[in-house]
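When you get a sec, could you build the whole thing from the sequences and use the hints?
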Amino acid sequence: QNPKLPTGDIEIIVKKVVILSKSKTPPFYINEEVEVDENVRLRYRYLDIRRQRMKNNMLTRHRVVRYMRNFLDDKGFTEVETPILIKSTPEGARDYLVPSRVYPGKFYALPQSPQQMKQLLMVAGLEKYYQVAKCFRDEDTRADRQPEFTQLDIEMSFVEEADVMALMEELFSSIVPATRPDINVISPFTRLTYADAMERYGCDKPDLRYGLEIKDVTDIAVQTSFGVFQKAVSAGGRIRAIAAPGCGNYSRRELNELNDIARSTGAGGVVTVSLGEPGVSIDELDMENVHSIAAKYMDIEQIKAIAKKLGAKGGDLLLIAAGTDDITSAVLDRLRREMAHRLALADEKIFHFCFITDFPLFYRDTEHNRWDSMHHPFTSPREEDKPMVAQKPGEVHGRHYDLVLNGYEIGGGSIRIHEADLQRTVFRLLAYADEQIDERFGHMLEAFSYGAPPHGGVAVGIDRFVMLLCQESSIREVIPFPKNQNAQDLTFGAPDFVADEQLEDLHIKIDEKIT
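If you're matching positions, the sequence shown starts at 6 in this note's numbering and goes up one per residue.
Careful, some of the hints might be misleading.
Subject to a maximum C-alpha distance of 25 Å in a straight line, what follows is the list of computed BS3-like cross-link-like pairs (lysine-lysine) [claimed, not checked]:
#1 LYS29 to LYS92
#2 LYS236 to LYS309
#3 LYS314 to LYS220
#4 LYS27 to LYS80
#5 LYS92 to LYS518
#6 LYS80 to LYS9
#7 LYS111 to LYS139
#8 LYS301 to LYS314
#9 LYS220 to LYS92
#10 LYS210 to LYS314
#11 LYS314 to LYS236
#12 LYS354 to LYS60
#13 LYS354 to LYS139
#14 LYS301 to LYS313
#15 LYS9 to LYS27
#16 LYS139 to LYS220
#17 LYS354 to LYS210
#18 LYS29 to LYS9
#19 LYS220 to LYS309
#20 LYS60 to LYS29
#21 LYS60 to LYS139
#22 LYS60 to LYS488
#23 LYS391 to LYS111
#24 LYS80 to LYS139
#25 LYS111 to LYS92
#26 LYS111 to LYS397
#27 LYS210 to LYS220
#28 LYS220 to LYS318
#29 LYS318 to LYS236
#30 LYS60 to LYS9
#31 LYS301 to LYS318
#32 LYS220 to LYS236
#33 LYS27 to LYS139
Rather than coming from a laboratory, the hints here were simulated on the basis of the structure.
This is how it looks when you write it as structure tokens:
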């Protein structure tokens, strides 16, 4: 018997052996979960997938996609495949371009999403569409992004935000127990406005499995004589903070680590205040129990007031940030995640979904001194905000919603613009000339002129959701043949140079400087 093998209880009496295929010695152990360099794993991906963990990831992905299809089929949706070779209409990231041999000098683009095509399907009268769609974006890679990725794409006619969110909640409330019955889904899904999420968590994709909520302590901190606080408030900023439970005994080295993390976000640092020993009530605190570089600029009552506002106890560590909302949000969001990791506050067996709503429709791109879309230019403004689109774009809110899971955005959607005049107004605001609008988006405006139903939808990142379902840290672990962090496919050796004859057929000449 060999309990380490699945067939360890079986004995076979061999009469004849026929070798069907010979194998070289693999570059790493197949039957044992050992640490292997990722680039080696990607080079021999066909061997890597033989490992049980990877095989389980592939099976989970299959079950997820099958469940999604069955769920939507039962709801009366129609699966429609949209083209891969389309017109280049950049939607934020760079397009992958495909040269045309038939039309020299012209290019197709690979779709960043089927956004425009699914809206045209609504104009066509297909009221409930879905697709498991391949999407392509030429952008820098990171742990949860790939140049090509897969999304569940959904669009519906005659719906409001609540209809789309209800569909998503029903889908994900059922798909998790069907594929991972050991995971507990918090229900009903939490709903937060964008402003509320930024105020309480410092980001628009908060992990709600733990607290550590951000509080505004400006009213107390401004009464101190601490110059950092005074300067920030005088410049129009605020003082905000979180309390890390049980971390009041952090060493100087650990406090310096937190300061380095704060500086990595672009801030000057973070003010730390250690609140004595565990078990000491806040009311019993005195200055001998408090340790902070800011302590000499604050009296004990001010420290107590801040601690009480944060719900802190003796033995806790206060992390205080000063500056504009952008700075304090970035600092405290990063520190909130760091402290949750250090304190193991996030339960891996809990899925806490939430919807983020009421996003600003536009933001000011200060680098280029122009307005840009918070998400994409096809999102409809709220009905009451439509008159402000051209005159007060910074005050307009969109009908957009994000689906967030445990600190990751796994989906996003909106109610779309379906009026040609309003869509043209939005494009003009985004600094498109009328000629550019007609060249890039004329097909959309023409379609709307034939009568378009109100419609909306959502796109869900399948790779990212399966990554979380499999409790992996990178989507590369749930994609059969992913690109590495340098956007290279190590199994097939892509990208690569091509023959001169192929380039000649396409009327392309490579700049000698890059070869």
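For each hint, the structure was consulted:
no., hint, result
1, LYS29 to LYS92, "47 Å, violated"
2, LYS236 to LYS309, "22 Å, holds"
3, LYS314 to LYS220, "7 Å, holds"
4, LYS27 to LYS80, "49 Å, violated"
5, LYS92 to LYS518, "29 Å, violated"
6, LYS80 to LYS9, "45 Å, violated"
7, LYS111 to LYS139, "23 Å, holds"
8, LYS301 to LYS314, "21 Å, holds"
9, LYS220 to LYS92, "47 Å, violated"
10, LYS210 to LYS314, "24 Å, holds"
11, LYS314 to LYS236, "22 Å, holds"
12, LYS354 to LYS60, "21 Å, holds"
13, LYS354 to LYS139, "29 Å, violated"
14, LYS301 to LYS313, "20 Å, holds"
15, LYS9 to LYS27, "24 Å, holds"
16, LYS139 to LYS220, "41 Å, violated"
17, LYS354 to LYS210, "19 Å, holds"
18, LYS29 to LYS9, "23 Å, holds"
19, LYS220 to LYS309, "14 Å, holds"
20, LYS60 to LYS29, "21 Å, holds"
21, LYS60 to LYS139, "22 Å, holds"
22, LYS60 to LYS488, "18 Å, holds"
23, LYS391 to LYS111, "37 Å, violated"
24, LYS80 to LYS139, "23 Å, holds"
25, LYS111 to LYS92, "10 Å, holds"
26, LYS111 to LYS397, "39 Å, violated"
27, LYS210 to LYS220, "18 Å, holds"
28, LYS220 to LYS318, "15 Å, holds"
29, LYS318 to LYS236, "28 Å, violated"
30, LYS60 to LYS9, "18 Å, holds"
31, LYS301 to LYS318, "21 Å, holds"
32, LYS220 to LYS236, "19 Å, holds"
33, LYS27 to LYS139, "36 Å, violated"
When each numbered hint is compared with the structure, violations occur for hints 1, 4, 5, 6, 9, 13, 16, 23, 26, 29 and 33.
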